[in-house]
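Trainee: Chain by chain, the residues:
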Amino acid sequence: MEFGILINEGPYTHQASDTAYNFAAAAIGKGHKIHRVFFYHDGVNNGTRLAEPPQDDRHIPKRWSEFAKNHNIDLVICVAAALRRGIKDENLAEGFRISGLGQLVESGIQADRLLVFGD
Amino acid sequence: MSEAINDVGESVETGESAAGKVKKFMFINRKSPYGTIYALESLEVVLISAAFDQDVSLAFFDDGVYQLVKGQKTQGIGIKNHSPTYRALDGYDIEKLYVEKESMELRGLTTEDLLVPVQQLSRGELSKLIDTQDVVLSF
Amino acid sequence: MPMLHTVNKSPFYTYTLESCLDRAREGSAVLLIEDGVYSAMRGTPIERRMVEAMKKLAIYVLGPDLEARGMTYDRVVSGVKVVDYGGFVDLAAQHNNVQSWL
Chain A
1 MEFGILINEG PYTHQASDTA YNFAAAAIGK GHKIHRVFFY HDGVNNGTRL AEPPQDDRHI
61 PKRWSEFAKN HNIDLVICVA AALRRGIKDE NLAEGFRISG LGQLVESGIQ ADRLLVFGD
Chain B
1 MSEAINDVGE SVETGESAAG KVKKFMFINR KSPYGTIYAL ESLEVVLISA AFDQDVSLAF
61 FDDGVYQLVK GQKTQGIGIK NHSPTYRALD GYDIEKLYVE KESMELRGLT TEDLLVPVQQ
121 LSRGELSKLI DTQDVVLSF
Chain C
1 MPMLHTVNKS PFYTYTLESC LDRAREGSAV LLIEDGVYSA MRGTPIERRM VEAMKKLAIY
61 VLGPDLEARG MTYDRVVSGV KVVDYGGFVD LAAQHNNVQS WL
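Residue numbers (my numbering), protein chains in the order written: chain A, 1 to 119; chain B, 1 to 139; chain C, 1 to 102.
In case anyone wonders, no lab produced these hints; they're calculated from the structure.
Please note: incorrect hints may appear among the correct ones.
Unchecked claim - Computed spacing ranges between beta-carbons, pair by pair:
#1 K81/C - K128/B: 23 to 31 Å
#2 K80/B - D22/C: 29 to 37 Å
#3 R63/A - D93/B: 36 to 44 Å
#4 R58/A - Q94/C: 27 to 35 Å
To be verified - Quick list of in silico lysine-lysine cross-link-like pairs, DSSO-like style, CA-CA up to 30 Å:
#5 K81/C - K33/A
#6 K128/B - K24/B
#7 K128/B - K55/C
#8 K70/B - K55/C
#9 K101/B - K33/A
#10 K23/B - K30/A
#11 K80/B - K33/A
#12 K56/C - K128/B
Stated by the list, open to error - Away from chain C, derived, C-beta distances all over 10 Å, residues of chain B:
#13 Y34
#14 Q75
#15 I79
#16 H82
#17 L97
#18 M104
#19 E105
#20 L114
#21 P117
#22 Q120
#23 S138
Here a beta-carbon is modelled for each residue, glycine too, at the ideal position from N, C-alpha and C.
Construct the entire structure; sequences and hints are all you get.
Mentor: Written out as structure tokens, the structure is:
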């Protein structure tokens, strides 16, 4: 089965990004596919490459980057939400791309299930 | 909403890759406007979805019904008033707007208080409708 | 199967659980995640509400979120099933659709 994932909240303040990651990893582990992870609202902040969390904490943007690399996952940051919040190509973490909201609607059409993680 | 309208132009191309499939998309609105950005950014996705020729509907219940209250004047808080956009949805062929009767009554609202024509459904009717959807988006 | 609902708020903080339970249709499932897991604990005023809800709904709670918050499985309301993230994936796959109560 193919899952689409929408993340509405940024890293650290809310658990949404962590829960979405744990869900996505479990889905891959069970042989499912992730059609796309779409980052919207403050969720676009998951895609910054400027984050430097303490050594003993998880690095949320880097964890998504590695996940995308290892499993060939499409990580899409909403352009309108990103521009509002100062996320641009020059500060985008590896494995993420910036694109339009159409990518979210398309994921809803193509994936078997679209799951929303937020506040 | 110029940002969203620009996006529509861009995503029409993307829509072609998904051509053929028509799914029932429902946007769930349970949050009031301005206190958080969810109402506005939800509306932006709704506008984009129009370019994909999907079966789109909007449900407003709990505090979401406050999004549609007429007479919103936001000059005093310095945030853009996005409520006129609900009236523009018709032009995008998005005509299925549902409000929940119980949520309206609890808040002392009637459809007269709203800025756009809506269909008022009972809690049971609306829940039944949500259960028939293919994609349920909440923000 | 019909809808899988997810609730991620404490019932002592927001109205989200009530809102979901009032609207979830018979035969659907509710999965409590994140701060939503507190709804699954015995010995609170919510317990009776959960027992009532289980007459028409299947209720699940995400184990890793319980453990993270120091809530042990033996304190979970009887009838509520504990699942891990793999179980969350299975529930999402088994149900026709997923509604997140944000």
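Trainee: With reference to the structure, classify each hint as holding or not holding.
Mentor: Hints, one by one, checked against the model:
1. K81/C - K128/B: 23 to 31 Å: This hint holds: roughly 26 Å between Cβ atoms.
2. K80/B - D22/C: 29 to 37 Å: holds (33 Å)
3. R63/A - D93/B: 36 to 44 Å: holds (41 Å)
4. R58/A - Q94/C: 27 to 35 Å: holds (30 Å)
5. K81/C - K33/A: This hinted pair holds, its Cα atoms lying about 26 Å apart.
6. K128/B - K24/B: Status holds; Cα separation ~14 Å.
7. K128/B - K55/C: Answer holds: K128/B to K55/C is near 19 Å, not above 30 Å.
8. K70/B - K55/C: violated (41 Å)
9. K101/B - K33/A: violated (40 Å)
10. K23/B - K30/A: holds (26 Å)
11. K80/B - K33/A: violated (40 Å)
12. K56/C - K128/B: holds (15 Å)
13. Y34: holds (17 Å)
14. Q75: holds (29 Å)
15. I79: Its Cβ never comes within 10 Å of chain C, the nearest being 21 Å, so this holds.
16. H82: Fine: 19 Å to the nearest Cβ keeps H82/B off the interface.
17. L97: holds (18 Å)
18. M104: holds (15 Å)
19. E105: holds (14 Å)
20. L114: holds (21 Å)
21. P117: holds (24 Å)
22. Q120: holds (16 Å)
23. S138: Per Cβ check, S138/B is inside 10 Å of chain C; nearest 5 Å; violated.
In summary, the structure is inconsistent with hints 8, 9, 11 and 23 from the numbered list given earlier, while agreeing with the others.
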